[in-house]
Every structure is written in C-alpha cells, then in structure tokens.
Amino acid sequence: MSVDLPEVIADRRHLHGLTATMLSDQQLAVTDLFGLRNQGFHSAPGTEEAAALPVPATLLVDRDGTVLWMDLSENYQRRSDPSVVLAAMKTHFDP
Amino acid sequence: MARNKTGTKIGLAAATIAVVTAWYWFYLVDEVALPSDRSLFVVLFLLAAALGVLALVKRTSWFGAAPALLAIAIGLFFPVTMSVSEQIVARDTVIEVGDTVPRFTSIDGSGNAFDSGVLSGHLVLIKFFRAHW
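Protein chains in written order, with my numbering: chain A, 5 to 99; chain B, 196 to 328.
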C-alpha cells in the first residue's frame, strides 16, 4: 500500500520483481483507516501530489483479520531488516 | 594563482568527502543497515560543507568552484533530510496488535478494484510504504 498511482505501480513493480498485490492509496483513505498517516514533516519529491505519506509499517494479520504483529518505522530512513519480518512470520504464521 | 590552486584542492577534498560519504550512506540504505546513530554521517557531511565554504573563501579557479559547491550542496542536504525524517503517528487512532483490520477498498496496479473482504480466511502481510522512490 502506497501513495503511488496505479500506473506508477504498473510501471515500476517489474524493476524489483514484485509479485504481491500492490494497491494505490494516493488519497490516504486506507492509510487513515489504519491510523498510519505521518503527522510529522511531509517530505517527498516535488512530483508527488499526495497531501501526506503513510508511516512505513508492516502488519501480520491472521485469518480472522486480527493484527498479530506490527512493525512501525520511527524514521523513514531506517527500516527493519527483512530477517526481522521473516522471523515474525515464522513465529506468528507457523508456530 | 597559488591561492586559487589551494582553494581548488580544498574543494576537491571536500567534494571527495561528500561523495564518498553519500555513496556509503546509500550502500547502507540498500543493505537495510543504516545505523540508528547517524552522528558520524552528520559530522562528515557538515565537514564536507565547511571545507567547501573554506575552498570558496580561499578562492578557487572558475571551474574549481564546482567541487566546492557540490560539497556544500551534498553536505547540507543530507543533514537536513535526517532532521525531518522522523515518523509520527496519531497514537489515539493508529492500529495496534490485537485490533481487527478495518474493511477497505482500493485500486491495484492494473486499475482493478480491490476489496479487503477477499483476505478473510487467509494469513496476510500488509506493508505500507511511502512511494516507489
């Protein structure tokens, strides 16, 4: 989920071999439902038209829709190592 | 002329520090290994900017000003981005562990409508990120 427009998603996803479902949320409607709109300084390249950006976050959700685990970035320049997410998936999705 | 050469040398040194530090910064970003304590980066970037200013003060040749200006631009840009990189959520509305994911609709990269109802019964990883850049 990002503020990228669908055409940008379609254009760029192949660069990283991404196969997951990627959704466009430029109006931040879904971001706001999750309460993940960044309340801090809005920094983005000049070409972006989004009013704000989501805080980088990863959620693991069970079959009933309950959030099992969540990783929230306190700083957009630093993200959790993929091994952290994989370990959480192993713990919560395959106990 | 000798002073111009001194300023140019300082400018080149400043640009080298700025470029190498920026390269290492992006390497760590790519490796998802940027440290939480980035003070050394701040010191190096500001040092590059300071040396760039010194180079201009010492006077460079007309083309020798380019490395100095590059060092100043890079040296100031990164610390500024660091100062505005903090992410803040509204603590009273942010989703938490134990909460139920809200039902939502969206559009995928092909322009097709997406309803989160299709996720029911599945283990799901949802990732929010800023944008393609």
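Heads up, a few of these hints could be off.
[As the list claims (entries may be wrong)] In silico lysine to aspartate or glutamate, DMTMM-like type, Cα no more than 25 Å apart, as pairs:
(1) B:K322 with B:E281
(2) A:K94 with B:E281
(3) B:K322 with A:E78
(4) A:K94 with B:E291
(5) A:K94 with B:E226
(6) B:K200 with A:D68
[Stated by the list, open to error] Quick partial rundown of chain B residues pointing at chain A, CB under 8 Å, derived from the structure:
(7) A208
(8) T211
(9) L241
(10) K253
(11) R254
(12) V289
(13) E291
(14) F299
(15) S315
In short, the hints are calculated from the structure, not lab data.
From the three backbone atoms N, C-alpha and C, an ideal C-beta is built for every residue, glycine too.
Comparing the hints with the structure gives:
no. : hint               : in the structure
1   : B:K322 with B:E281 : holds (19 Å)
2   : A:K94 with B:E281  : violated (29 Å)
3   : B:K322 with A:E78  : holds (15 Å)
4   : A:K94 with B:E291  : holds (20 Å)
5   : A:K94 with B:E226  : holds (22 Å)
6   : B:K200 with A:D68  : violated (70 Å)
7   : A208               : violated (26 Å)
8   : T211               : violated (23 Å)
9   : L241               : violated (17 Å)
10  : K253               : violated (34 Å)
11  : R254               : violated (34 Å)
12  : V289               : holds (4 Å)
13  : E291               : holds (7 Å)
14  : F299               : holds (5 Å)
15  : S315               : holds (7 Å)
Checked against the numbered hints above, the structure breaks hints 2, 6, 7, 8, 9, 10 and 11 and satisfies the rest.
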